[in-house]
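Residue numbers (this note's numbering), protein chains in the order written: chain A, 9 to 296; chain B, 9 to 524; chain C, 4 to 329; chain D, 113 to 462.
Simulated from the structure, these hints should not be mistaken for laboratory data. Just so it is clear, CB atoms sit at the ideal spot from N, CA and C, and this is done for glycine as well. Any given hint might turn out to be false.
As the list claims (entries may be wrong) - Every beta carbon over 10 Å from chain A, so not counted as near; a handful from chain D, in silico:
#1 Pro216
#2 Ala309
#3 Leu427
Unchecked claim - Quick list of simulated restraints, FRET-style, between CB atoms:
#4 B:Arg203 - D:Arg243: 51 to 61 Å
#5 A:Leu69 - D:Ile307: 35 to 45 Å
#6 B:Val404 - D:Pro216: 47 to 57 Å
#7 A:Gly120 - C:Thr294: 20 to 30 Å
#8 C:Gly271 - D:Gly294: 49 to 59 Å
#9 D:Pro216 - B:Glu393: 32 to 42 Å
#10 A:Leu69 - B:Phe28: 28 to 38 Å
#11 C:Lys117 - D:Val220: 46 to 56 Å
#12 B:Val404 - D:Leu213: 49 to 59 Å
#13 C:Lys117 - D:Gly294: 16 to 26 Å
#14 B:Lys398 - D:Ala310: 51 to 61 Å
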Amino acid sequence: MFLDSDLLMSALRALTPILLAALGGALCERAGVFNIGLEGMMLMGCFTSVATSWFTGSPWLGVLAAALAAAAYSLVLAVGAVTLRGDAVVLGIAMNLLAVGLTSFLLRTVFGVQGTFDDPSLAGLPLIGGFTPLAYLSWAAVAVAALLLSRHVWGLRLRGVGEAPDAAATLGVSPAKYQYGAILLSGVLCGLAGAQLALGNVTLFTENMTAGRGWIAVVAVMLGRAAPLGVLLAALLFGLAEAAGFRLQGLGLPQQATDAAPYVVTLGALFLTTARRRRRPRTTGAVQ
Amino acid sequence: MTPPPPENFAVELRGITKRFPGTLANDAVDLTVRHGEIHALMGENGAGKSTLMSVLYGMERADAGSIRIDGREVRFTSPSDAMAAGLGMVHQSFKLFDSLTVAENVVYAAEPRRFGLVDRAAARRRVRELADEHGLAVDPEARVGDLPVGLRQRVEILKLLHRGARTLILDEPTAVLTPAEADSLFGVLKSLTARGRTVVLVTHKLREVLEGSDRVTVLRDGRVAARLVTSDTTADEIAAAMTGRAVELDRVHAPGTPGEAVLRVTGFSTDSVHDVDLSVHAGEIVGVAGVAGNGQSKLVEALAGLRPVAAGRVTLLGADITHASATERRLKGLAYVPEDRHAVGTAPAASVADNLAMGHHRTTLSTRGLLPPAAVRAHARRLVERFGIKAATTEVPASALSGGNLQKLLIGRELAHEAPLLLVEQPTRGVDIGAIQNIHDQLIAYRDAGHAVLLVSAELSEIRGLADRVLVLYEGRVAASYAKEEADERTLGLAMAGAPAEATHEHEPPDTSPRT
Amino acid sequence: NAAAEKDDSASAATGGSGKSFTLVTPDAVGQNEFLKLAVTGVKSAAKQHDGTQKVYESTDTASQQQNVQAAVDAEPDVVVLVGFEFADLVAQQAEKNPGQQFLIIDACTTKTFKNVSCAVFREHEGVYLAGAEAGLLSKSGKVGAVDVLDTPQFRRYSDPFAAGAEKVAAKTETSTRFVGGQSPFDDSARAKEQANTLLAKGYDQIMAAAAAGNYGVFEAAKAKGAFAYGVDVNQCASAPGTVVDNVIKRTDIAVEKGIETVLGGTTGTTVSYGLKEGGISLTGLEDGVDTSKCVIADHKDVLTKVEALRDQIVSGELKVDDPAAS
Amino acid sequence: MTRISGALRSPLTFSVLAGLVIGALFLLGTGADPIAAYEAVVTGALGADGIGSTLTTGTSVLGLALALAIPLRAGLINLGGDGQMVLGGITAAVTGLYSPLPAPLTVVLALLAGMAAGAGYAVLAALCENRLGVPLLVSSLLLSYPAVSLASYLARYPLKEPGSSLPQTRALPDGVALPAFGDSTVTLGLVLVAIAAAAYWFTDRRTAVGYEIRMTGLNPRFSAYAGVERRGLTLRLMALSGGLAGLVGAIGVLSFPYRFVDGSLTAPGYTWTGLTAALLAAAAPLGTVVAAFFFAVLQVGGLAMERTTEVPRELTQVLQAIVIVFLAARLRFPGRWFAFTRRTRESGAV
Ligand SMILES: Nc1ncnc2c1ncn2[C@@H]1O[C@H](COP(=O)(O)OP(=O)(O)OP(=O)(O)O)[C@@H](O)[C@H]1O
Ligand SMILES: Nc1ncnc2c1ncn2[C@@H]1O[C@H](COP(=O)(O)OP(=O)(O)OP(=O)(O)O)[C@@H](O)[C@H]1O
Ligand SMILES: [Mg+2]
Ligand SMILES: [Mg+2]
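Only chain A is shown next, with the shape it has when bound in the complex (with noise of 0.2 Å):
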């Protein structure tokens, strides 16, 4: 009854927009820069793609759009962090704040409307077996992610860059290019992961619509150590412990004990998986 396929449903529903978005992360993390922008990328996916689908009848040019924006957005971590040299957690702080005032000032100023968009002619993302294509895109994503990343020329240099910049530049490998190229790549799956929660979890944009998703990306790439499968089983946990928070409510536990559920949850796995191996310093935490 507890464990039935409704809730591996449920947990992959939720997991889809967070596991685009911590590839996203696992990708900059990989390059040596920390991106806590993740909320806000995708927010601005959000909006994008539902404005783009109304306007064009198209989700799909709704998805193409969000990837685009979100991408562009991406661009003010890239020039602040990589070129300017600025703090990455102060920008993707700064980032999540932006997005969330600048979404809600274009959803006044293209929509007239305030709080939320919704309309019934709004076409969202067709479900295939339960799932939008965007769905199984991710899962392929972490297979592509993992391959490049391990297998890939690009991939390689990628890790380099972000174990150690001057090593690369020595090489002729310039760190910036390859930062650059994965703070974009973040900002297309982030813009994804946008577009899947608003045409495909659900079909409208409410302010503030991503609510902490971009957050739990984040911990789920510390979690998964950047890797693309370890990030795949971090969300899927989170997932899980989400979906399973939901079916006890229905039990009698309070909200406050399934809201903490996921979290604490993680935290567990954490212990466990920490326990045995020590993480080598990575850029995560290194502030100055």
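Chain A is already provided as a structure; the job is to place chains B, C and D with the ligands on it using the hints.
Leaving out everything else, chains B, C and D with the ligands in the frame of chain A:
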């Protein structure tokens, strides 16, 4: 000077001038390197060697001058240009990716590919081929982070060979190598030149230059001070060219007059160090020799309280400090010069004054926890003066000091504790001859003031010049122990290589009766 | 709306009668049908009295305090505060500024002040009726609710819903889910998932009190062919054929009438709006059901029964428990 | 003259100016008058009517900025400010409600209890790093959520005010409140936080501990070599950090409305504002104070701008974010190119 013969040089620098704000780092420098030779570039710290090599390698743009490679004039705007022209450089601090494998490091940015993916099998094959060809054995699958320094350097060289470098530039390649590793490196370099490759070697070590190079160019204050053919010159001549004065090389200092035991270590074990007994007396320098990786660093780190002790007992001036914290040890009278001055011994981003305050901030500089900035500054000015540290002001970051000056800062700071026991690791690594002499004199004066010194060095001449007694560590155990006069280079070398010891008897001076 | 909303009529610029009203909201208006109605109310009050009005939107406790302070500093004729969040604040300010008239909607101060008038709602009465509709319409005998958070105020939208359903179909199973999470008021995806957990268990009638999440609840219900109930205004147009009915809360009337009463000199009173006063209602019980796009328009039989229940409540014959009163 | 050009070239001045100019363009684009808007920000935040709010907001922002700056000075990032603050708040509320002591003592006790709760919870995150190897950044962030949920639960069930529609605890007894300055909303809390700032400045500049913290931030291996015990330092700094966050929570509860209201401590986002201020100032004491005050002015002034001009609320948020983006990018006018070339040398040649 006669104009050079119309010959094709592997590298030909003409009139290179490079100015930094406030410094003329290279002043119309000419450097010609012939095909197939090992060419040494020497000079004191700050003489302009690294700058010249940076210009050659496209990392810095010269203000004036020209570069020819194999007779063709070139203009590099980046290292990639230099690489394309057949140059390759091994930087003093290695530029490797610790988490990647040897093969990945070697092929990085010049990967063999299949369907756009890195062809890992081909990469491994390539590494093996190159390794076999040049005697650079290393496991292509090993993670570079797990390799000892000597092997990392091989990876650096393999990297260049993979890229088809015909001229290899090595900046102070032996600074971090043990004598054995250095010898093996020179073997490799010789074999490379024998196959037509050219080597430019930046170094401070006279002996290596004399034994390993064909010609020498000496820089002083950014200008060429001498061009010498190695077979026609002597150490004294090179040293004089570098410093502009006569230097006494390889001095063996007079023995000290040991007093009471300051440090006593019995049955001591820690991570890969086993059952070590040793003692250091007041007025005595005990040298610890050993090939890197045989436990010297771990021993010293454990003695300094940075590593837990597995077994044994350590006393300092009679007090048991086996399990004391690093701070307690310092308060009880221990000072420590670590081996890595950038990563451990200093905070490069902090000011010279702040770097000099470390360790003193809890003792002489503070009263009841307060640390007045004025006291920190005054302390810094005193030490800068006393140890001749060259720094614009005491407020500039330590990263602006040259290697030699940074080392002086570190040693000065630790000597200033006047601690009864000083632990020193590799005190003159990467430091020029002038500075070496200065540092050696300081250590001897410290000993003669009645302090105990435990000296770890990979430099046998340093051990022989300074130490009153010598221990050799082999695989974490004390393999042999020699009195000053017994410790000749051959004997030490054999013991370090693990040969059964011949002269291992107790040389420890009696506790109370100082020798005269 | 500009944050400082000036009346668009010409009288706004000249000030007309000089009557001025300032409305302070606890949250951004955009999110919230209830607040939108309050803004409508204060606007039409301004029009009626030929005066001016301003709306200060807050986002959190800090901005609520600052906005109320700014409103009081400007000394309008009436400061209107919408939301129970202001109960403490209004008590504090009323004490400090005895000359200032306050109107608070949806809550009241525990102590009575001469200069504080209150308007409260009995949402539970309307929700009870919606629950009765659900009980009558449910095929599975299971009716549920999705609330924003587990707070007494939101329980008003779920507990009476269950009670109403049980009243008409004693065997009805009931259950409530709370959106929760990091941003419970905005998270329509999460609200949709919560609704899905109910739908998966066969619930076919769902009360949606999930703020912006309501749209998510409607989508979930629509996908499963189930039915939902909206709040505050007519939400049927968002998902025609899925939304059965809405619990209407006439905040605009409460604001308008409240201002009227205060200006008329009657202050310090509390007016409670329920079914009887027309402050709470169902779309199905109002005029224009047939054009409302609500499902209930096709179930006149149900409406007849519900009307009977309403009359019982209005007459006091039937009492609906208020979860927030405990 | 040179001082002026020097000030212009400082990244701070330039970023603020650039932020203002871009903001002005934005405002013009939406038909608003930028001068009037900026005037509204300044008078709204610093005028007679606004300064009280600015100082009240500033109390919380500065408190959390300090809380996050202190560990940051040693290179540690505490992302759990929300949880620590909320636990401090709910603990202060419990103490205030149940303490048998006379009111003034209860206030002191509640402050201390709040600090202890925040400190204890932050230490838990530190232990996760020290003992279990979970990076502090992650452990502090993850621990924050359950704490917020717990406080929310307590406020809604065991401690709830009967009959209230709000998820809030009962009001504290009369007199269990921080004294306020005159009629304003500014309480003694501001003084407490100011004292904390002064203490931080003094410790950082003039004590051995402060020196050790700074050196740990610059090179942890260096300070470890000299005997600074990292785990102990992490524990102590996190305790201080959490204690300060808890203090902010307790101050919030002991000020109007004198109770714990679920969500009211976290909703204004003081933790993020504080972290941003601390990061921008690289945790330097004076810089943190200035940055925190600046953000308080932006927040309060932004709200005032919304009230008094035609500027829509969303734009205020956009303006704030733009200023922060520029600050973070450390844009410097002519010096930028210098910075750029030095960087290429660093990445290529060092
Ligand atoms: N980027 C720079 N900016 C300013 N001065 C510099 C810079 N790089 C080098 N210098 C100065 O140029 C001079 C030559 O430095 P260089 O690095 O070439 O010396 P070196 O011979 O390599 O010394 P060492 O033996 O210590 O490695 C020094 O005085 C140094 O301070
Ligand atoms: N940005 C800079 N400004 C001023 N001087 C610099 C700068 N960058 C480097 N230098 C100088 O360049 C010189 C040489 O640097 P290099 O990288 O060769 O280190 P080094 O002297 O060889 O040190 P070590 O041998 O200890 O590694 C140093 O003297 C340093 O002062
Ligand atoms: Mg050099
Ligand atoms: Mg050097």
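Evaluation of the provided hints:
{"no.": "1", "hint": "Pro216", "in the structure": "holds, 33 Å"}
{"no.": "2", "hint": "Ala309", "in the structure": "holds, 20 Å"}
{"no.": "3", "hint": "Leu427", "in the structure": "violated, 6 Å"}
{"no.": "4", "hint": "B:Arg203 - D:Arg243: 51 to 61 Å", "in the structure": "holds, 55 Å"}
{"no.": "5", "hint": "A:Leu69 - D:Ile307: 35 to 45 Å", "in the structure": "violated, 58 Å"}
{"no.": "6", "hint": "B:Val404 - D:Pro216: 47 to 57 Å", "in the structure": "holds, 53 Å"}
{"no.": "7", "hint": "A:Gly120 - C:Thr294: 20 to 30 Å", "in the structure": "holds, 23 Å"}
{"no.": "8", "hint": "C:Gly271 - D:Gly294: 49 to 59 Å", "in the structure": "violated, 28 Å"}
{"no.": "9", "hint": "D:Pro216 - B:Glu393: 32 to 42 Å", "in the structure": "violated, 57 Å"}
{"no.": "10", "hint": "A:Leu69 - B:Phe28: 28 to 38 Å", "in the structure": "violated, 55 Å"}
{"no.": "11", "hint": "C:Lys117 - D:Val220: 46 to 56 Å", "in the structure": "violated, 37 Å"}
{"no.": "12", "hint": "B:Val404 - D:Leu213: 49 to 59 Å", "in the structure": "holds, 56 Å"}
{"no.": "13", "hint": "C:Lys117 - D:Gly294: 16 to 26 Å", "in the structure": "holds, 25 Å"}
{"no.": "14", "hint": "B:Lys398 - D:Ala310: 51 to 61 Å", "in the structure": "violated, 38 Å"}
The structure fails hints 3, 5, 8, 9, 10, 11 and 14 (numbered hints given earlier, in ascending order).
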